[in-house]
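Chains as they are written, first to last, in my numbering: chain A, 1 to 204; chain B, 1 to 270.
Honestly, the hints are just simulated from the structure, not real lab data. Predicted model only: the values in this text are computed from it and were never measured. Please note: incorrect hints may appear among the correct ones.
Cross-link-like lysine to aspartate or glutamate pairs, in silico, DMTMM-like; alpha carbons within 25 Å at most [stated by the list, open to error]: (1) 164(A) <-> 8(A); (2) 5(A) <-> 19(A); (3) 94(A) <-> 52(A); (4) 260(B) <-> 8(A); (5) 164(A) <-> 19(A); (6) 205(B) <-> 9(A); (7) 173(A) <-> 25(B); (8) 10(A) <-> 169(A); (9) 195(A) <-> 47(B); (10) 142(A) <-> 25(B); (11) 266(B) <-> 64(B); (12) 164(A) <-> 198(B); (13) 202(B) <-> 8(A); (14) 205(B) <-> 252(B); (15) 5(A) <-> 65(B); (16) 195(A) <-> 25(B); (17) 178(A) <-> 18(B); (18) 259(B) <-> 52(A); (19) 3(A) <-> 198(B).
Chain by chain, the residues:
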Amino acid sequence: MSKIKDIDDKTLVLRFQRENDNAAFEELVQRYSGRAYQISYGILNNREDAEEVVQDAFMRAYKALAKFRGDSSFYTWIYRIVMNLSRNRISWNKVRGKGKNQSLDAPLRTDKNKGSNDLTLDLPDSRLDPIENLSLDELKEKTTEAMKQLPEIYRTAILLRNVKGLGHEEIAKLLNCKIGTVKSRIARAREELRKVLGQWMQNN
Amino acid sequence: MEEKKSTTSKSFSCPDSETLSEFVDNPSSTEIAEHIKMCSVCRQKVEAYIQIQQLIAGISQPPEDLVDKILIKTTRNNHGVAPQRFRHFPWIRFAAAIVATAMITAYFTKKQTASPNEMMNQTMASSSPTQAYSSNKSEQTAIGTRNTPSINTGPMQNVSTESASSIEQNTIRKYLPASQVTHIWSMEKIPGAQKYLDSLVKGEKLTWKHSNGILTTSLILSDQDLQQLIDNLYHSGWSLLSPFYPQPEASDVTIFTGKKICYNLKLIQQ
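Generate coordinates for the entire structure from the input sequences, incorporating the hints supplied.
So this is what it looks like as structure tokens:
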């Protein structure tokens, strides 16, 4: 009686393929759906779309896992599916005219905030009173807004950096670019967010 | 004076934003570490980058019911997708249909010959408090009231093969345990309970975790073994706080298929 949480991905895949063990697939869903969501959210920047894409990705994985040969790890495979479906969704949204797309050549900043270089963000801890909670909610809302202002390539990079287990190398593979490019995009996104949010914090 | 100046103003040799950003992801450079100790500007930048990452983590949290939704569309989907391999082996589906027919026949045969006590148990199960609960956690979907598309089969409604399904006719239900079940048990003494459970699960060393007064462990066992284990724990004086199936002494209303179940236990002291 081995504990399923201790079983590695490869064995879980084999159990699903050989024994039709749905519990094995369920464990894989438990392990990677959250991170898959964060990847999709990183690309789409929309909660509903990201959720739909992840559900779709795991449905496809469920149907195709029997043919999965294990050339790559399961998580690389599912992340790749999520990436592709997310990009398809972007194309679809463009066709439908949903969302706002920015030129990759657009300047990072949309406003000219001066004098915010020295600011830091003071995140309240979990023991908050209602007023502080409201501030945190506002801050999250502002962060979401600021993220939307970022060009897609920077936003995607910084959101992928947030996915547990994804280092610069893995992100570079997913985005088909060099590691240096990933680092540069993350840095620019952070710097831009620091300026925008820092200014907002100062004003509030 | 010189030291004070260095902590409040930007040094001309400050690393660029990309270097500082990389330091946030991989704080291995002692050179940068030394610098940000001395330079308040760079230190604040690094702190801000870290805090931004925390904020982003906050806004990109997946929905709590995401796992559940995926499982409903995959492993717990009654009428949806089937694994690809079954499409290549239609005889497996045919065999499965025969087995299902046999099980349903057996069920109705048993129902017709059930004693009044058995009928009472089944009726009680149908009005179990499990129906009043709902949770986003996927392993807690052993609730027998998930809304799934049903096929109108005349007198037999809501027959489902999903993990947490029930077979219902009038007020009688039978439960198919979920592939993952989490139960919270309370007892007088946790250390004794741990030893007792270790003794019940022979041949395997359970991994225990202790956090905030709650002791947790998990194991995988067949549905019949799980029912027996739950009965044993119940008869040893433990109180089951979770309403999710399988419940103690509920073998009459449980459908056993021999499948493996991941059973998570959380023990709290009374």
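Check each numbered hint from earlier against the structure, then list the numbers of those it violates in ascending order.
-> Going through the list in order, the structure violates hints 5, 12, 14 and 18 and respects the others.
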